[in-house]
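A.B. asks: The listed protein sequences derive, respectively, from chains A and B.
Heads up, the first sequence is in this note's numbering, so the first residue is 1 and it goes up one at a time.
Heads up, the second sequence is in this note's numbering, so the first residue is 190 and it goes up one at a time.
There are no misleading hints in this set.
Between beta-carbon pairs, the in silico distance windows are:
1. A:Asp189 <-> B:Gly266: 52 to 58 Å
2. B:Gly715 <-> A:Pro131: 53 to 59 Å
3. A:Ala125 <-> B:Ala771: 34 to 40 Å
4. B:Ala689 <-> A:Asp189: 33 to 39 Å
5. A:Pro51 <-> B:Ala689: 35 to 41 Å
6. A:Thr115 <-> B:Gly606: 54 to 60 Å
7. B:Gly266 <-> A:Ala125: 55 to 61 Å
Because the hints were derived from the structure by calculation, they are not lab data.
Given the structure is predicted, the values throughout are model-derived calculations rather than measurements.
By construction, the Cβ of each residue, glycine as well, lies at the ideal position given by its N, Cα and C atoms.
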Amino acid sequence: MTATAPTTTPPRKIRIATASLAGCFGCHMSFADIDTRLLALSEWVTFDRSPLTDWKTVGECDIALIEGGVCNAENVEVLRAFRRAARILVAVGACAINGGLPAQRNHHRVEALLTHVFETDRHLAPGSRVPNDPELPLLLEHVHPIHEIVRVDYYLPGCPPTAEVIWTFLMDLLAGREPHFPYPMLRYD
Amino acid sequence: MATERQRTAPGLLAALHQARLRWGNPLEEPALAELSAAFALPPGEIAATASFYHFFQTPPARYQIHFIDHVVDHHAGIEALCNRLCAAFAIQPGERTADAHLFVGWTACAGLSDQAPAAIVNGRPLPALTPERIDAIIDAIRAQIPVAEWPAEWFAVANPVYRRGPLLTWLHATPAAAVLEQLSAREPEAILQAVADAGLRGRGGAGFPTATKWRFCRETADPTRYLICNADEGEPGTFKDRLLLTHYPDHLFAGMTLAARAIGAQTAMLYLRYEYQYLLPKLEAARERILAAQSQLPPSERITLEIALGAGAYVCGEESALIESLEGKPGRPRVRPPFPVTSGYLGQPTVVNNVETLVAVAAIVGNGPQWWRSMGTPDSSGPKLFCVSGDVARPGLYEFPYGVALGDLITAARPLGTPYAIQVSGPSGTLLPATPEQLARPLAFEALPCNGTVMVFDERRDPVAIVRHFARFFAHESCGFCTPCRVGTQLIAKTFAKIAAGYATRFDLERLAPALEAMRLASNCGFGLSAGNPVRDLIAYFRPRLDAHLQPHDFLPAFSLDAELAATRRLTGRDDTHAHLAQFEQPEAAR
Ligand SMILES: Cc1cc2nc3c(=O)[nH]c(=O)nc-3n(C[C@H](O)[C@H](O)[C@H](O)COP(=O)(O)O)c2cc1C
Ligand code: SF4
Ligand code: SF4
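Excised from the complex, chain A in its bound form (with noise of 0.2 Å):
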């Protein structure tokens, strides 16, 4: 729509990473929603890790986008290898952003949401305890704004962006264009 892809195919295919900390997924699928455009971009550009490929760990790449948060333990340690690997790391999405709606329980103790949840809730069956496998990540006690955890090159808000906004962004940087976003395309909600 407004913006235009490569007009020549780059030497090199780009490389792109995708990661979910606390998110919700449904930046992703506005993602996703730049529809048949996919099919184009898949020419442009090859995907590491992803919730979209089977890459477990990520790899050197040109760009990071990354939706959701920080809440435990595993996403700060999954941001800073993505922060390590990618050129570029964009912050998408409100989550990312600002920490989102999570961060609301940012108003309440964590151990009390945990035992809330875990142990005093009336539908819990007798005895239920708050998880304690160490294969689980542990909450922090606040869910932070991926900036706070790394340095970010760029923002994508909404929650989530429109399709329009990813699609523009990446053709911006594709074509090696300071990455613009008219106003109509702009919202936090």
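With the hints as your guide, set chain B with the ligands onto chain A.
C.D. replies: For chain B with the ligands alone, coordinates are given in the frame of chain A:
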């Protein structure tokens, strides 16, 4: 077009002081209901006003002790003294003992920089504290001895003067009675002309020509006018007005009377900072004497003199905030124009002058403008009181003519070590390196402006830590009215907390820059305009010292990641490696 004026409640501040004594803090229902009826304001509005002032927040306790959270006091070991007292009663600063006998907290510089470390107990100063004095205080509290019965020497505030010039000599030599004779002698226009001829400029910091301000006020059509003496003296490190209030209150009230007459005001008010309330008996006596001296005048020429007490807010030194405070409202600077000279106290034309300015008025009327003009520089005429504190052997007061070199003033105060950094004019002013070039600069409005305050720091001190103290001060004292200052002062304080925690990187300074710019350009009053000055100067003059605190990393979190897992570690009883997070990653280059 006439705009609807906000409600005013003159006398509310005094009533809140009364209520606090009777009912305690914070004010609750019966007290609020009573005040609400008396001032015809909803109880919530009265509570909101009270909540603006620091000393109306203190929880009720028989002993309310506030240690002075000021850089000079910190260098003198105030933190250890505070901890010593707190430990004896098993509380933390900001807490009250279980029996509600003792509250210990912090407060901003109380005008005792020359007698650091210091504290305030129930509104009375405790200067020059030592561990032994703290132990004696602990005993007195344990023995439940009322503060009124504590030894008088514990409260003795000295006003050491190390250099007298013509002004202090005249003040010292001229008995109050002689000052009083001036009162009947002068016509308004003659007083104004003398002050104009003397070229007097405001001693409160901004240096506005006093006679010009007076003329603006005098030329308004409204015949009901006010003169206010600004004795808020809140700028950290400043204690020059304290000397004048302590030793020369007659001269001050005489100056207020002369100024009031010059502008055609019927009432002159002294707004005294809360921390100086121990001076109230002296000031009341002087006020009575000057009132009595006026009795020879025809009633139409007599000036009513009033004294009002603040309640702990640096921003109330800003003239329109001071007026709001006198009107029984939170001390938030007004949107100007209109300026106080056209619409001030109760909407009437009002002149606000600093204590030293008004004492100078008495001296100029007494000695003539030529005497005044013979001192200082052509642009900054007259003598000036300087208060020097910090790492000097003789912290105290110095009278020099305006234009004295910064270095000469510091030399007079006998630096303890080699001066390294100098804070000129308080945190709102300038932080300078003690280079020969800087020390040669004259203190004058046209060169290096100075309200009189000079704090000396030698090589033991870290300029970054000094700026962190100022950043906390501004964050605490911002009135919170306008966005750049309300938020920006917090951003600066947080950046310095991050630096102190060892987590800051170059990026944190880059990210702060636009906030500093917004504060400088878009703040509603001089507070927000100058609250970024300490960082500005740190970056301009002490960049290597600042950089030494920055981590080489591209970015680090401002909070401890591992500490954020403490709650869930506790809850799950885990302590395996996955239950922890490292704060530092290898810097880019090291990979
Ligand atoms: C944040 C702030 C604090 C101030 N504090 C004081 C103060 O403590 N004492 C003072 O005389 N002036 C203070 N001023 C300056 C006053 O607004 C005003 O300019 C001054 O009292 C005028 O008196 P002068 O002309 O005699 O100097 C302050 C200004 C600002 C912006
Ligand atoms: S921003 Fe909205 S859509 Fe995206 S992850 Fe968060 S909640 Fe989901
Ligand atoms: S600049 Fe600061 S102190 Fe001044 S009005 Fe704004 S918030 Fe209040």
